[in-house]
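**Student:** As a plain string of letters, each chain reads:
Protein chains: 2
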Amino acid sequence: MKKQQQEQLILKPEAQIHIIFGATGDLMQRKLISAYYRMMKEHMMPKNFALIGFSRRPLTDKEYKKLLHDALQQYSRNMKIDERVWQRLSSRIYYHPGNFNEAAGFRTLRRFLAKLEKRHHTKGNKVFYFATLSKNFNKIIKQLLANKVITRKGNEKDYFERLIFEKPFGHDLHSARLINQKVEAAFDEHDIFRIDHYLAKETVQNLMVLRFANALFEPLWNHKYIDNVQIIADEVLGVGSRGGYYDNAGALEDMFQNHLMQLLMFTAMEPPADLKPTSIANEKIKVLQSIKDMSTQQARLNSVKAQYTKGFANGKMRKGYTEVNGVDPDSITETFIAARLEISNWRWAGVPFYLRSGKRLAKKTTKIIVYFKEAPRILFYEKQVGIHPNVLEIRLQPDEGISLHFNIKKPGKEMHVVDANMDFCHECLFSPNTAEAYQVLIHDAMVGDKTLFTTWREIEGSWRITDQISHAWRKVKRLPKYRAGTHGPKLAEELMERDGRHWYI
Amino acid sequence: MKKQQQEQLILKPEAQIHIIFGATGDLMQRKLISAYYRMMKEHMMPKNFALIGFSRRPLTDKEYKKLLHDALQQYSRNMKIDERVWQRLSSRIYYHPGNFNEAAGFRTLRRFLAKLEKRHHTKGNKVFYFATLSKNFNKIIKQLLANKVITRKGNEKDYFERLIFEKPFGHDLHSARLINQKVEAAFDEHDIFRIDHYLAKETVQNLMVLRFANALFEPLWNHKYIDNVQIIADEVLGVGSRGGYYDNAGALEDMFQNHLMQLLMFTAMEPPADLKPTSIANEKIKVLQSIKDMSTQQARLNSVKAQYTKGFANGKMRKGYTEVNGVDPDSITETFIAARLEISNWRWAGVPFYLRSGKRLAKKTTKIIVYFKEAPRILFYEKQVGIHPNVLEIRLQPDEGISLHFNIKKPGKEMHVVDANMDFCHECLFSPNTAEAYQVLIHDAMVGDKTLFTTWREIEGSWRITDQISHAWRKVKRLPKYRAGTHGPKLAEELMERDGRHWYI
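Read top to bottom, the protein sequences are chains A and B. Going by this note's numbering, the residue at position 450 of the first sequence is 450; the numbering climbs one at a time, nothing skipped. Going by this note's numbering, the residue at position 146 of the second sequence is 146; the numbering climbs one at a time, nothing skipped.
Simulated from the structure, these hints should not be mistaken for lab results. What you are looking at is a predicted structure, and each value in this text was computed from that prediction instead of being measured. Keep in mind that a hint or two might mislead.
[To be verified] Derived DSBU-like pairs (lysine-lysine); straight-line CA-CA distance at most 35 Å:
hint, chain 1, residue 1, chain 2, residue 2
1, A, K66, B, K286
2, B, K413, A, K413
3, B, K490, A, K224
4, B, K80, A, K276
5, B, K286, A, K118
6, A, K224, A, K66
7, A, K66, B, K292
8, A, K364, B, K286
9, B, K167, A, K373
10, A, K413, B, K276
11, A, K363, B, K80
[Said to hold, decoys possible] Here chain B is said to cover these stretches of chain A; the calculated rule only asks that three of the stretch's residues, wherever they fall, bring their Cβ under 8 Å from a Cβ of chain B:
hint, region
12, 117-125
13, 218-231
14, 272-282
15, 285-294
16, 399-410
Just so it is clear, CB atoms sit at the ideal spot from N, CA and C, and this is done for glycine as well.
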């Protein structure tokens, strides 16, 4: 297969200033600064642009820029920084210290913005990036409005003010609703960008193409032919330097409510009427609506939370979760979540969806497993024990691609059947240098394209299910454990074994 | 994928003598001697074994052995002959001159056999291999019986006498019936081995496994999802030294009636009740029975015969067919055949099967193309012209394997769809050193296993269709032509274009 040229139609954004809340945080350091750098490098940035980092730490501009440069270096190991590009970006970066609980920082922010707008000719256009914990969202909005940094909706303005919210949006349905009410009351929906960066991943976008541009899959994509679906996001890394954040979130909030549920929606949705974002969102929401409610008892039975203990993982001995810096030594935050969901509609009746994600597991893998039913136990099945049901494996990482596992004849006189697979490797056909998810998303927000952002109703529907699980575990005083570097807790195996199935990991 | 060990359960044949009619012919030189050599090398031969070459040419044993050794060298270019193995084989090879029209050679053959049986302790077991034109089959049988080389059925005997018939069995339905009547009158069915060596090819045997050991394919394998099936056996070689044989046969007899029709049967058959050879044959025969009869006019419209003219092929300028040694300069024998067949049953109603085979074409390829219907012209299809229907490609040679062609999203902002394929490479999983078809078949005949041989009813049913085509071309005085090295005659394209389709070559 020959590599194909990736011609992209890049819209150049208008002049604008970005204000990042949580400007020294993990997300900024690991993802956002490299997204801005790459946009600058790839000429996706407007000439008139500035970026203000807003955070509590007292830093000079120079210190802040060094922090970002170091972060860029650290988290882009395979990339050599082009210092001329960095200079172009760096000359537009500022730091503004402030506390989300105090008006002072926001009053000065307003004046600072006015000054920078003149200097950089940004015409009043602003993007506020909430790269912070969701518990801060409402505080920040309140300060922005009270200190007139931002214009409440209904007031005329000839510039745009957009808000980007990092996931998770809230920490349960109730808190998410509180945020959303405040946000929707003060801002127009088209200015609100709720991030789930999985939506910008090529493989996720490809899911719809795979399903609806191929006559082959759709006839098989239902309870008649599919035995179960597994959505797996296993990590080998621990919580790293994010102990403080993570201990307040856990796998359910950090992965399940957003990423895993998005993959589930794309896998299970009906074909939309057309390709408009609202039509697609409507079908995704219908999936959430069809997920069977679980009583506390059912939710407990159909989910597993667990926490890793020390063990040999990713090449060396690793601390247990509760020994990590920033984590409460008595923490009962889960680093592993698995759940079994059922979708009560015509397509999926009787087909369980198993979702799992965890840290410090044996293997890094994010994938969707479509596990087909067995062929009737006749003919080749009669004699053979080793025949496997067909499996379609859609890999997001690593080795992005698709494999179809099937049975073939083993060469030789006897009719022995063995499993083989047809494989499609994404990087073999396309260059691996596709845009990073955050680069795509920030650019989209800059040009006002909401296609790859989640809607409130998806978030709401997803919290409904997620809350049922967290509620079921509320009274648990001590989490099940799994040793770092293993395939997760025994209970997750048992969840499958109860159904006579196993994880495809 | 790791290479898997091929453990085979090889039955050691009993003591026996083989008598090859057509012992200096093309088949013996190109295929059979190497099959015997490999069996010897791989310890599949009984200790008590002898081989008699029977042919018209006056040769000494020594000359004959040299001819075979040279042939082995010439047609096994990648193989170094192990001379010790050759010695073991060679010490068991004899030559016996004779004419199929004269009793003398058969009378002496009987005495010669008696002598060799003593020398090699072969206990009276004999295999007569008819590696000659089918017009000689009846002559030889008559001589064998008249000169008591062989025992007519019904007579008690404590040894076996088997007959192997090379394809094509007859040159039309009538001649095939005449042969079969003679053969069945004189011999027990379990002693009659009718060869179509495609049945011994791994990929052909794999067709049933692919279809019936995978839950994925069977639901799609019908007129609801399949648009058309193409069975293609294109060769780059010309007729070579086989001009004399070929000019009496042509592509219809040499490829279509046997190999192409066998592939069609395996592709189209219903699942058999079990894996017994008779159960499988029954389903294959049902396919032939369901093929729509064609009037002369219909057969003419739905088939194309053609002959190659000189042209640049396979690296150099090549003679036209009628200039080849042994070919009648006014020959109207076809070197290319294409036909469109319809199978009138519930599964295949409305799905055309296109078969083609030709010599001196642009590319060597033998494959089965399952061409799926288009997805509904909605969603991604609305905007895009370049979306291709899904295609399952089952390759027999070269690059034995399976590919599934499907549509995926092209990375980038726009929803562009491009085609990709999942590929399974047979040689990547299994060693390429699988047994040659003739090695498998001769060994099977030696141990009395008829599984991979064709039945009379398959041959009969296949001639019924083939005769309709040859009949339609009977009055044609001049064949359409195609230049050597091209993709065949324009008429073959037109056969497809009439249906709005094209060859997948």
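**Student:** Which hints from the list above does the structure break, by number from lowest to highest?
**Tutor:** 1, 2, 3, 4, 5, 6, 7, 8, 9, 11, 12 and 15
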